[in-house]
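Protein chains: 2
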Amino acid sequence: MSRPAAAVLLTGSELLDGRTRDRNGYYLGASLSRRGFRVTHVVLCPDDPEVLRRDLAFLLDGRPALLVVSGGLGTTHDDLTAAMVADTTSHPLAADPEALRMVTETTRRVAQRRGLALDELLPQMARQARLPRGGRAIAPAGVAPGFVLHHGTTAIVALPGVPWELEAMWPEVLAALAVEAGVAPPCALTVRLYGWGEVKVAALLGSAATDRLRLAITAASGEVTVVAGYDAGDREAAAQADALAAALRAAGPVFATDDRRIEEIVADILRAGGATVAVAESCTGGLLGARLTELPGSSDYFLGGALVYADAVKRDLLGVPAALLQAHGAVSEPVAGAMAEGARTRLAATYGLSVTGVAGPGGATPGKPVGLVFIGCAGPGKTVVRRYEFPGDRPTVRAWSVVAALHLLRRTAAA
Amino acid sequence: MSRPAAAVLLTGSELLDGRTRDRNGYYLGASLSRRGFRVTHVVLCPDDPEVLRRDLAFLLDGRPALLVVSGGLGTTHDDLTAAMVADTTSHPLAADPEALRMVTETTRRVAQRRGLALDELLPQMARQARLPRGGRAIAPAGVAPGFVLHHGTTAIVALPGVPWELEAMWPEVLAALAVEAGVAPPCALTVRLYGWGEVKVAALLGSAATDRLRLAITAASGEVTVVAGYDAGDREAAAQADALAAALRAAGPVFATDDRRIEEIVADILRAGGATVAVAESCTGGLLGARLTELPGSSDYFLGGALVYADAVKRDLLGVPAALLQAHGAVSEPVAGAMAEGARTRLAATYGLSVTGVAGPGGATPGKPVGLVFIGCAGPGKTVVRRYEFPGDRPTVRAWSVVAALHLLRRTAAA
Numbered sequence: 001m002s003r004p005a006a007a008v009l010l011t012g013s014e015l016l017d018g019r020t021r022d023r024n025g026y027y028l029g030a031s032l033s034r035r036g037f038r039v040t041h042v043v044l045c046p047d048d049p050e051v052l053r054r055d056l057a058f059l060l061d062g063r064p065a066l067l068v069v070s071g072g073l074g075t076t077h078d079d080l081t082a083a084m085v086a087d088t089t090s091h092p093l094a095a096d097p098e099a100l101r102m103v104t105e106t107t108r109r110v111a112q113r114r115g116l117a118l119d120e121l122l123p124q125m126a127r128q129a130r131l132p133r134g135g136r137a138i139a140p141a142g143v144a145p146g147f148v149l150h151h152g153t154t155a156i157v158a159l160p161g162v163p164w165e166l167e168a169m170w171p172e173v174l175a176a177l178a179v180e181a182g183v184a185p186p187c188a189l190t191v192r193l194y195g196w197g198e199v200k201v202a203a204l205l206g207s208a209a210t211d212r213l214r215l216a217i218t219a220a221s222g223e224v225t226v227v228a229g230y231d232a233g234d235r236e237a238a239a240q241a242d243a244l245a246a247a248l249r250a251a252g253p254v255f256a257t258d259d260r261r262i263e264e265i266v267a268d269i270l271r272a273g274g275a276t277v278a279v280a281e282s283c284t285g286g287l288l289g290a291r292l293t294e295l296p297g298s299s300d301y302f303l304g305g306a307l308v309y310a311d312a313v314k315r316d317l318l319g320v321p322a323a324l325l326q327a328h329g330a331v332s333e334p335v336a337g338a339m340a341e342g343a344r345t346r347l348a349a350t351y352g353l354s355v356t357g358v359a360g361p362g363g364a365t366p367g368k369p370v371g372l373v374f375i376g377c378a379g380p381g382k383t384v385v386r387r388y389e390f391p392g393d394r395p396t397v398r399a400w401s402v403v404a405a406l407h408l409l410r411r412t413a414a415a
Numbered sequence: 001m002s003r004p005a006a007a008v009l010l011t012g013s014e015l016l017d018g019r020t021r022d023r024n025g026y027y028l029g030a031s032l033s034r035r036g037f038r039v040t041h042v043v044l045c046p047d048d049p050e051v052l053r054r055d056l057a058f059l060l061d062g063r064p065a066l067l068v069v070s071g072g073l074g075t076t077h078d079d080l081t082a083a084m085v086a087d088t089t090s091h092p093l094a095a096d097p098e099a100l101r102m103v104t105e106t107t108r109r110v111a112q113r114r115g116l117a118l119d120e121l122l123p124q125m126a127r128q129a130r131l132p133r134g135g136r137a138i139a140p141a142g143v144a145p146g147f148v149l150h151h152g153t154t155a156i157v158a159l160p161g162v163p164w165e166l167e168a169m170w171p172e173v174l175a176a177l178a179v180e181a182g183v184a185p186p187c188a189l190t191v192r193l194y195g196w197g198e199v200k201v202a203a204l205l206g207s208a209a210t211d212r213l214r215l216a217i218t219a220a221s222g223e224v225t226v227v228a229g230y231d232a233g234d235r236e237a238a239a240q241a242d243a244l245a246a247a248l249r250a251a252g253p254v255f256a257t258d259d260r261r262i263e264e265i266v267a268d269i270l271r272a273g274g275a276t277v278a279v280a281e282s283c284t285g286g287l288l289g290a291r292l293t294e295l296p297g298s299s300d301y302f303l304g305g306a307l308v309y310a311d312a313v314k315r316d317l318l319g320v321p322a323a324l325l326q327a328h329g330a331v332s333e334p335v336a337g338a339m340a341e342g343a344r345t346r347l348a349a350t351y352g353l354s355v356t357g358v359a360g361p362g363g364a365t366p367g368k369p370v371g372l373v374f375i376g377c378a379g380p381g382k383t384v385v386r387r388y389e390f391p392g393d394r395p396t397v398r399a400w401s402v403v404a405a406l407h408l409l410r411r412t413a414a415a
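So the protein lines, in turn, are chains A and B.
For what it's worth, our numbering labels the leading residue of the first sequence as 1, then goes sequentially.
For what it's worth, our numbering labels the leading residue of the second sequence as 1, then goes sequentially.
Hints may contain errors.
Residues of chain B placed beyond 12 Å of chain A at every Cβ, according to the derived structure [what the hints assert, rightly or not]:
hint, residue
1, 18
2, 46
3, 101
4, 118
5, 169
6, 178
7, 304
8, 328
9, 381
Some chain B residues near chain A, calculated using beta-carbon distances under 10 Å [stated by the list, open to error]:
hint, residue
10, 13
11, 20
12, 27
13, 33
14, 348
15, 359
16, 395
Think of the hints as simulated: they come from the structure by calculation, not from any bench.
Keep in mind the model is a prediction, meaning the values are calculated, not measured.
Using N, Cα and C, we set each Cβ at its ideal position, and we do this for glycine too.
Let the hints inform the model, and build the full structure from the sequences given.
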């Protein structure tokens with residue numbers, strides 16, 4: 001059973017010249033893969049009509065089931081997506097009544113906010129209501145609507161390039177595609193594990209009945225995601241998927257069956273328990289706090305913390321005993337525990353979460369190689385410290401450390 | 001004067017399915033743009049021979065001056081780059097003596113480290129020494145060598161996909177291309193400014209003589225980069241470039257004429273002065289500390305800091321007076337100053353650097369809109385606080401805040 005192919009075309013000159021680091025390609029690739037698509041291309045393309053035309057033709061020529069185009073739906077001369085899709089697919093541009101209704105509504109809000117008359121803004125904004133003929137408008141999250149256009153066996157989906165707009169509109173797109181003929185994303189069951197490597201998960205999959213499933217395993221920073229895709233209506237496949245999920249749950253450290261990022265899961269657990277967290281970071285230098293505060297509203301549960309790079313700061317800010325540092329070194333189980341307890345006590349938090357390790361490339365000593373990290377979590381009852389040896393270079397060790405800390409907090413707070 | 005075109009092909013299935021967020025495309029796009037190339041494509045491509053072959057043919061068909069391919073140079077069956085380039089360009093694979101010398105040397109080191117005999121490892125590793133005929137090996141930073149192959153008017157450069165290896169090998173590639181015929185990157189003068197918007201910089205450029213220059217302006221998080229490209233040997237253009245640089249220096253807030261990131265510039269300044277820094281972060285939640293500790297060896301100048309999300313923590317960890325918080329609110333000039341001074345004093349650092357603001361989307365109050373950020377820098381002599389109103393969503397406000405803080409530290413420490 002081959003998986004349906006999907007291609008992604010990200011438009012915007014700023015993505016190619018170092019101004020903006022793309023985030024939509026990563027988001028869409030992950031989402032599509034989890035739903036059982038095989039992502040064959042992610043192409044970044046400047047706002048140049050000739051290049052865009054050539055790229056669209058090339059990607060359509062591969063006959064993917066789905067082509068997602070992001071960006072170029074605004075009101076300026078750089079916004080070429082609708083015109084180029086119209087051109088490439090021979091569906092000429094025409095004013096779409098539903099799109100015009102959406103654009104008029106958002107324009108009215110914008111006009112009110114800026115104290116302008118609707119008539120002043122609408123002519124310029126109405127450009128966004130011109131779609132390739134046969135296209136269907138997708139309601140905007142910001143100002144510009146998107147659209148879906150069926151072209152041969154390919155569903156072309158155009159969305160704004162602003163990440164939050166794209167991400168807000170995406171679930172509706174997936175749902176809409178599922179009910180339209182021809183491009184229904186296959187059913188997919190997601191199971192996510194932390195604490196088992198990819199190889200161990202693969203071994204378990206190998207011992208289960210999966211002949212009617214399209215299996216995909218992906219791993220990132222220690223998290224392993226299993227997606228079992230199957231065709232809607234295939235009851236035997238659905239039963240295999242359920243059995244597989246049950247087997248993974250019974251044997252493995254399953255932490256989620258949805259797409260929530262670990263910081264969202266932690267946020268939900270802390271909020272539900274009315275709990276708070278404070279961090280104590282050494283080698284991650286602030287990455288853990290930054291991750292915990294990525295979500296709006298994180299002040300509900302995140303109090304703050306201490307970045308304790310220098311040993312003197314570990315003592316002064318967190319009260320880690322000098323004798324402990326002397327006897328065991330900064331990268332050690334007792335110091336990780338004392339850091340977590342110091343953060344918990346000094347910030348009066350429910351949980352104190354600490355990270356101390358050797359991120360590299362320098363700093364290794366006999367018995368303490370690059371990648372050695374201790375993570376501590378101090379809670380109301382007790383303090384737990386785990387020892388890890390992470391692979392890879394400095395950014396990798398730091399990224400794995402943050403994810404490990406969030407999972408230790410998840411397990412502690414959910415217990 | 002048209003700019004030479006460059007295309008980038010990033011191979012690796014993990015880049016398309018959500019496992020890994022690409023960083024090479026962003027790095028190469030920025031570097032090539034700064035050197036005057038017009039980057040027409042960044043394509044992410046799975047480890048699938050059919051897709052890779054089709055993508056290579058498509059990109060070569062556009063006849064770019066430069067095609068950079070990353071990834072797929074290792075020793076496993078997924079490592080297809082050399083074979084596919086050979087196939088697409090009709091330069092058959094052959095063992096390259098220079099590449100074999102490089103691979104043997106690195107294999108010897110790997111064998112020693114793992115306590116293995118060279119003969120055990122070499123047969124597998126020698127695969128990396130097979131290059132398309134006519135290709136020239138590029139010395140590896142890790143294990144796999146890269147190569148350059150001239151095909152028609154295109155220079156094809158293949159590099160490993162591991163970011164640190166690619167980044168370590170890249171300067172040599174640029175230098176080598178510059179001395180080889182046909183693909184010499186044009187001369188380029190770089191001037192980087194902080195504190196002026198793109199529009200203001202563009203206005204100054206408009207009043208200078210630039211008819212012999214290829215100008216590119218890019219902006220990111222408040223930093224504006226001007227690149228003036230010209231052909232080697234064009235003396236008139238070189239004079240225009242020099243005059244332009246002088247004009248920008250005379251009128252604008254120029255901070256660099258090279259590619260060093262702001263955290264590298266700050267690191268150089270602090271190291272040169274034997275100075276240290278401690279941070280006090282509210283809305284950035286650790287991003288500033290994370291950025292300052294991205295560089296290996298940052299413990300030379302980074303001591304640590306306090307993440308003070310909750311008001312009580314601002315008081316307890318940094319000694320910000322409750323009365324100050326009460327009177328002015330947490331997002332205010334006096335509190336930013338007290339945070340910076342608290343970090344400086346409590347961590348005994350040369351400089352204390354603080355950030356407090358409204359990152360959004362919630363949290364705005366009358367007079368304190370989303371995007372309002374105060375940044376403080378406390379030094380030996382005095383404390384400076386700056387007020388900013390940054391555009392955009394939560395991640396944007398946080399990213400701009402970090403860059404603003406690093407620039408305030410740069411100005412203070414360099415003074």
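Enumerate the violated hints, using their earlier numbering and listing them in ascending order. 1, 2, 7
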